[in-house]
Each structure stands twice: as structure tokens, then as C-alpha cells.
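Chains A and B, in that order, give the protein sequences.
In case it helps, my numbering puts the first sequence at residues 146 to 485.
In case it helps, my numbering puts the second sequence at residues 146 to 485.
By construction, these hints were calculated from the structure, which means they are not laboratory data.
Incorrect hints may have been included.
[Unchecked claim] Ranges between beta-carbon positions, derived for each pair: (1) 322/B to 358/A: 45 to 51 Å; (2) 155/B to 253/A: 57 to 63 Å; (3) 285/A to 153/B: 55 to 61 Å; (4) 461/B to 467/A: 54 to 60 Å; (5) 257/A to 346/B: 33 to 39 Å; (6) 409/B to 158/A: 56 to 62 Å; (7) 344/A to 464/B: 49 to 55 Å; (8) 379/B to 464/A: 48 to 54 Å; (9) 205/B to 285/A: 27 to 33 Å.
Note that beta-carbon positions come from the ideal geometry of N, C-alpha and C, so glycine has one too.
One-letter residues, chain by chain:
Number of protein chains: 2
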Amino acid sequence: MSARPDTAVAHIAFAELQALLQRIFIRHGTSEAVACALAFNCASAQRDGAHSHGVFRIPGYVSTLASGWVDGKAVPEVTDIASGYLRVDAKGGFAQPALAAARELLVEKARSAGIAVLAIHNSHHFAALWPDVEPFADEGLVALSVVNSMTCVVPHGARQPLFGTNPIAFAAPCAGTDPIVFDMATSAMAHGDVQIAARKGEQLPDGIGVDSQGEPTRDPQKILDGGALLPFGGHKGSALSMMVELLAAALTGGNFSWEFDWSQHPGAKTPWTGQLIIVIDPSKAEGGRFAERSYELVRQMQSVGLQRMPGERRYRERELSARQGVTLTVQELEQLQSMA
Amino acid sequence: MSARPDTAVAHIAFAELQALLQRIFIRHGTSEAVACALAFNCASAQRDGAHSHGVFRIPGYVSTLASGWVDGKAVPEVTDIASGYLRVDAKGGFAQPALAAARELLVEKARSAGIAVLAIHNSHHFAALWPDVEPFADEGLVALSVVNSMTCVVPHGARQPLFGTNPIAFAAPCAGTDPIVFDMATSAMAHGDVQIAARKGEQLPDGIGVDSQGEPTRDPQKILDGGALLPFGGHKGSALSMMVELLAAALTGGNFSWEFDWSQHPGAKTPWTGQLIIVIDPSKAEGGRFAERSYELVRQMQSVGLQRMPGERRYRERELSARQGVTLTVQELEQLQSMA
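Sequences are here, hints too, so could you generate the full structure?
Right under this line is the structure:
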């Protein structure tokens, strides 16, 4: 029995957390470029209170690297296909360094052609999706991204799981304030949040998932033990999840969520699929006042009583983290230090 | 009292229905080009059993044209902005002829740049959205379209309506079979379906809408009489509806769903907003086997027990209509004939 409660918290500066995570990645077999991209993503999620994609993910990254399932030193290959089309072969590595490798050219193409698409295949995405799109909005661009994952969602009207949690993320600039950003699993709940609920022993609301017999359950552990999630919003969410499979896998040349077999890699956690990112330059819009119009939308949403914009919680947590440091439990921090 | 029940049906060949609708549009003040685009759209919806956007809409079109709210003879102005970006000013006319005017150049750009966007503003969209995207898939292209409409949906977490029903439509080619197409309102129900339920005196399921006091109701008439719809899928559907406002209005230069005032045009029914269409050429994808991969997805969805693909009901109704003619009630047919 420890005298210290499991919930005791520590605060650590963002840059320090980033450096710590970077050391962990490198020690467990990634290149410096890969460690840099993953550490930034993961530290950002922790900083913004998106805990299911924060340091909670580190053991999964480490066991995956140890299993040989992902190439932590892969060098992505960018191919310039057309004036609005870029392709990246992530070479069996992570998606974030693949995006980083193509990012500058993607922005250039979007500004020149008005719209551009980045199709990443042969990639592993194990992270929050909003950090991939938010930086485009910071540069005044509109971005939409989808990534498919691994079979755990039953299509509406079917009996067995097929789709991944298949998130959709969107970011748009907004005059005088933070960009409008959302990142939503097309499943009724993100997989990481089910894991967190299971760890805490909490029950879930109705409509989230089914057990291994296909029966509705509120027990997160039963969803994880051979059960499955449901799409959000019935047949509509299911259609969107299907669209994500088509855009993130069929259109990129990546695997569908059910096509990879990691059974020979015990400890592997990262889905080996594809990712699509569409970037639009709103300065091409009639009138060219996109960011001001965006702000007008926010103003109107507030005037009809909206208390919190999508993504607003992240910005509040980010501010808090800037003042007092990024919050994690003492236990988590010690675990990280032992892995570095 | 009529000896003939209201439900007595008539069958009419698709081409004949199209010609009849075209005469109605022309008689009520549209140009031939506009009549052609609208008649094809509306007859297609009726043919495919999408009754809320079929001949049910004709009285609304006619009263709108009579009110002077829309210019039935508008000649859309297409501007070539960049290698992947086209803008159309619909000049206060309908969106379908604006799309028709830009379509050829849009396809050319998508094939050349790999992706292209068409931003329509100053337009009225009063129709199903899938007829706008399905033809791209027939040509082997992937298409995504969004259109905002008129304030009738309460953002999740707000107290009063702001968004329109803001549909999202998607179409993708599929090897050896019909394209995969869906068209979904981001509201819990399409406005036309609420109107149809009210006309039939049917109650709605829970979670569709609120009455004029903001209280949940299952009575469609109360939703129509100063009440409002809810987004589908809670905060996620609401975020998508917000995205549609940003893409279809802010990005095109069109009105948001709450920005137009038709109070001086009694009888006006058509939202005066904008529409965005993104077209991608999947032959640019790694491997170039998009349609085969798309078919593999369908096969797998069927193998996990899916009985009906999104959009499948429309294809079945279409086949039936091809054999026996398009179905409408005798009453509807007589009403159409009297308007022509």
C-alpha cells in the first residue's frame, strides 16, 4: 500500500514533457525525426486535456515498437502526382512524420491550386487527429482529415464489427481568436475513452457498444473483451465511417481497417492503414473574408446560447497548462521517466 | 367525397414526367436551361422513391417563383480561380443550373489537378443533394458536397435554432455495380420528411425536434409551427452541421442559414445560401484500383450481415420505375397537369 494516492498530480513544462517523450521514442527504436513528430503530438494532447491520446498512449507505442510491427526509423517517400495531389508512402512507419515530410509542399499546392489533397498509405496512426489539422488553420487554411483504424465498429444494420473508429477532423481559421477545430470518432465513443472507462471501472451510457455475443452492454471491459463499438448517430454515423474507409484506405492505397494481421507481433497496437488530408485556401473564396465569416458564425452560435464551442475545452486546458505546466499523475510521470 | 381513394397511384414514364415538370417550370417563369436542370433533379428523386424531394416539392418551387424570391432565368457566372478552384455566382437563381454551367470544367480540373473544388454562392438549393454527386461517380470520380439551408436546427448545447438541415452527400464509383452514394441531413430528420409526417398525421421518434418552447416533442406539426429540429448524433452531428455552414456559406461567399430575409416574399420556400462540391480523381491513388477496392468494401459489409447498402433503396426503386414507370398518386399527377 502506497501512502501516495494514485491520483496525486505532477506538473511539467510542455517543452520538458516533449523532450522526455522524445527520449522515450528514441530509446525504443525511432529515428530523431519520428520521435520529434510523435512527441509533439502526444505532448500536445496531454497539454490540451485530451488524455485518451496523451501519455496514456506511450506504453502502446513502446510495445508496438518492441514487437517489430512498425518501422520507427522509416523514411517517408513523397511523390508529387499533380498540381493538387500528393502521395506519401509512409514505408510502414508512423503517419505523423509522413505528414511532416509532405507538409510544406501540400501548403504550397493548396495556395496555388486553391485545394490540394495528401494521400498517405502504408502508415500507422495511433494519435489524436486534431494536431494534424489545427496547424493548417493557424496558417489561414481550412483542413479536413480522415484516418481509418482497426475493426471494432459494427456497421449499422450489420451483425459483426468491420469498421475502425475512423475519426474525422476539421480545422478552420477564425478572425481574432483560436481556430475552429473538431476531431470526432465516427464510433459512438473513441476507443481510448472506452479503455479509460474500463481502467476506472466506470459504466458507459447506452448505445455505445455490444459484448462478444452482439448484445448491447454498458460495461467497457465487455466491449474490449471481444465486443465491439457502435457507430455514433445510427445509419448516418455508419455511412460516414464507411466514407472514411473509402477515403483513408481505398483512395490512398492503404489497408482497410480489417485487412492487416498483427497476430505475429504480440504487443502491436497501432493500426496499419492510410490517412487523407484535404487542404483548401479560403483566400480564393468570393469576398475573401473567410476568417471574419467564421468569427460571425461563432458569435451567432454564442447568441443562441451555446456555452462551449467544439474544441474550446482543449484551448482552456492549453491555457491552464501554459500557466501551471502540463498535468499528469505522479505515477504516469515516474513511469515515463523509467522508460526514457 | 371522392369515390377514388387519395392513395390511388398512377405510373408515368420517366421522360414523360421530366417533360411535364419542365413545362411547369417554364410556365412559372424559368428559362429552358433552368427548367431542364430542375425537372431532371425532381423527376430523379420521384423515380428513386425519395419522395420528400420528388413532385412533393413542385408547389414550393411554383410559389417561390411567383413570390419573386428566386430568379428563374438567372444565368450563372463561372470564374476560373485556380487550377483546382472554380467559383460560380448563381446570380440569385437555383444551384443546379450553376453546377451544370461549371460541371465540365470542374471534371477537367479534377482529372488534371487530382482534386478540384466548386464554390457556388448566391444560389437556391431546394432539392435532394445526391443527384448533384452521383453523376461524378458514374464518371469514375469521388465527389463530396455540402449545402446549407435555413435556420431550423438547434446546435447541440444551445437553446434556439440556428443551423439549417445542412446535408452532406458523397458518391464513389464501385467496380461492376452502382456507385456508393449517400445523402444525409445533419439534422435528426430531413425537413421534407417532417412535412410528410405532419401531412400524414404521424408521430415522430424521440430526439428529432422541439416545440416553440424548446421542449422535446414527437408531433411533427409542432416542430413546423415555430419549433425546431435537433442535429443527428448529439454534439458530433452538430459539429458537422457547423462545418457545413463554414464550407457551404463562409467558403463560397454565400449566406449562412440565418442570414436571408424572405419576409417580403410570401410563398418563398427556397433557402438562399451556397454550395460546395469537392471532386477527386481516384485514378491518382496509389495502385489506381479505387473502384475495385470500393467493391471489396461492399463485399465485406455484406459479409458482416449488412442487408442494405446506403443508397441501395434508391437503386431498387429506380429499377422498379424503369419497368413500370415512375409512381405517384393520381392526385399528384392531376395537380401537376393542372400546373403545366
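Inset, instruction - State the violated hints by number, sorted upward, taking the hints as numbered earlier in the document. - result: Result: hints 1, 5, 8, 9 break, sorted rising.
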